[in-house]
Amino acid sequence: MRLVKNLCRIIVGIVFIYSGFVKGIDPLGSDYKFTDYFNAFGMGWMNATTLFFSFALSLVEFLIGIALLFNLWVSRMAWGSLLFMAFFTPLTLVLALTNPVSDCGCFGDAMILTNWQTFWKNIILLLLAIMIFMYRKEYKSSLPLVGQFSFLALAGAGMLCLSVYCYRHLPVLDFRPYAVGKNITEGMRLPEGAEPDQYEVTLKYKNKQTGEVQSFTEENYPWQDTLNWEYESSSERLVKKGYITPIHDLVIEHPTLGNITEEILEDDNHTILAVAYNLTQSDVQYQPAINRLAEYAQEKGIRFYGLTSSSERDIETYKKRYHVPYEFCTADEIQLKTMIRSNPGVIILREGTILDKWAGKDVPDVKELQDTDLTAYCVYSREQMQRIYLVYSIILLFFVAYLLIPRKKGKRNN
Numbered sequence: 001m002r003l004v005k006n007l008c009r010i011i012v013g014i015v016f017i018y019s020g021f022v023k024g025i026d027p028l029g030s031d032y033k034f035t036d037y038f039n040a041f042g043m044g045w046m047n048a049t050t051l052f053f054s055f056a057l058s059l060v061e062f063l064i065g066i067a068l069l070f071n072l073w074v075s076r077m078a079w080g081s082l083l084f085m086a087f088f089t090p091l092t093l094v095l096a097l098t099n100p101v102s103d104c105g106c107f108g109d110a111m112i113l114t115n116w117q118t119f120w121k122n123i124i125l126l127l128l129a130i131m132i133f134m135y136r137k138e139y140k141s142s143l144p145l146v147g148q149f150s151f152l153a154l155a156g157a158g159m160l161c162l163s164v165y166c167y168r169h170l171p172v173l174d175f176r177p178y179a180v181g182k183n184i185t186e187g188m189r190l191p192e193g194a195e196p197d198q199y200e201v202t203l204k205y206k207n208k209q210t211g212e213v214q215s216f217t218e219e220n221y222p223w224q225d226t227l228n229w230e231y232e233s234s235s236e237r238l239v240k241k242g243y244i245t246p247i248h249d250l251v252i253e254h255p256t257l258g259n260i261t262e263e264i265l266e267d268d269n270h271t272i273l274a275v276a277y278n279l280t281q282s283d284v285q286y287q288p289a290i291n292r293l294a295e296y297a298q299e300k301g302i303r304f305y306g307l308t309s310s311s312e313r314d315i316e317t318y319k320k321r322y323h324v325p326y327e328f329c330t331a332d333e334i335q336l337k338t339m340i341r342s343n344p345g346v347i348i349l350r351e352g353t354i355l356d357k358w359a360g361k362d363v364p365d366v367k368e369l370q371d372t373d374l375t376a377y378c379v380y381s382r383e384q385m386q387r388i389y390l391v392y393s394i395i396l397l398f399f400v401a402y403l404l405i406p407r408k409k410g411k412r413n414n
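With the first letter of the sequence shown counted as 1, position 209 gets the number 209 in UniProt numbering; the numbers rise by one all the way through.
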């Protein structure tokens, strides 16, 4: 029985840590998801609170998970896990039945689950949480009570600091199809052997003699008999859901050239995209740095475009007010939010591959780019950041190990 109790605690702890962590490193992603839910349920008046809920939900999940996994204050945290699952399990049942938002967002972009998959996952977690709650007083920690509080406080502070860092810059781990190193063209391509959506097309033709309108399929419609039949309308019905490519709604529209998506993705030179999904909400303090980067790109013969979903009027107003030296193209707002978690942000492309991404506040000074290849600069800067993350991770692991070493002194507490 002891093995079963500990297994329940460890499984729930790991799931909560993972769920809290992947949401915590992408607070804007959770912010967007809360907005989707509030709008879907007619609660748009709560949209001002979405960022708060984004930080709070990930932090609470992470702390409950840490407490359960490391056997800290379980007699109290068992209440947290039970109440958490008791609230979200019926909520996910409602979501599964009504399907207001297709992706629940419970694991951020790291693991996409349908609403029904989320519901059954929550049923399992609820049963495990009930088991933990029933035996909550039997879990004993090797740390004194003050040590348990200290561990949880440090874990919470660390997670909160990481979330704030990712909010101010970019997520330290990017699970989206526009992550650095991903090729956008590949993300839009249907894999070999994968089936697309299958539709049943109905075409309606009007008989010129009788005026009767009849329905036909693609196999038998009278397209050649123009003397007797006149095309009226068509409709399609989804028969079988097929494979959905990771990137499926990206269309970049130039104001005069039209769709230039393929042209950008096939360019063997660099392309720089300044992404601001909503110009009226863009953090304009970073626009001067982006302007200087655009001027540098133009001097070097590098293609530079702005990407936004804002209206033509908002674009023209923004360009005049902030002296923008580049042309804006338009794209779907959801795709732009997925591309980069910053408004504004900058993406470097070459032949459709994302070489690097910068939040608005991290756009480099053009002096750093002088006399250097842009690809080499992107690779070097990414490697530098990866080394920094590795050092911090090692320090954190040693610190956690030190805190978990059993002490000879000190009374054990629940």
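Hints are not guaranteed to be accurate.
To be verified - Restraint ranges, calculated between C-beta atoms of paired labels, are given here:
id, residue 1, residue 2, range
1, 204, 311, 18 to 24 Å
2, 14, 313, 47 to 53 Å
3, 100, 6, 33 to 39 Å
4, 204, 260, 46 to 52 Å
These are computed hints drawn from the structure, not numbers from a lab.
Computed from a prediction, not measured in an experiment: that's the story for all the values here.
Quick reminder that beta carbons are idealized off the backbone N, C-alpha and C, glycines included.
Each hint, compared with the structure:
1. Look at residue 204 against residue 311: about 35 Å separates their beta carbons, and that is not inside 18 to 24 Å.
2. Our hint of 47 to 53 Å for residue 14 and residue 313 holds, since their Cβ atoms are close to 50 Å apart.
3. The hinted range of 33 to 39 Å is satisfied by residue 100 and residue 6, whose Cβ atoms lie roughly 38 Å apart.
4. A hinted range of 46 to 52 Å for the beta carbons of residue 204 and residue 260 is inconsistent with their spacing of about 36 Å.
Against the hints set out earlier in the document, violations occur for numbers 1, 4.
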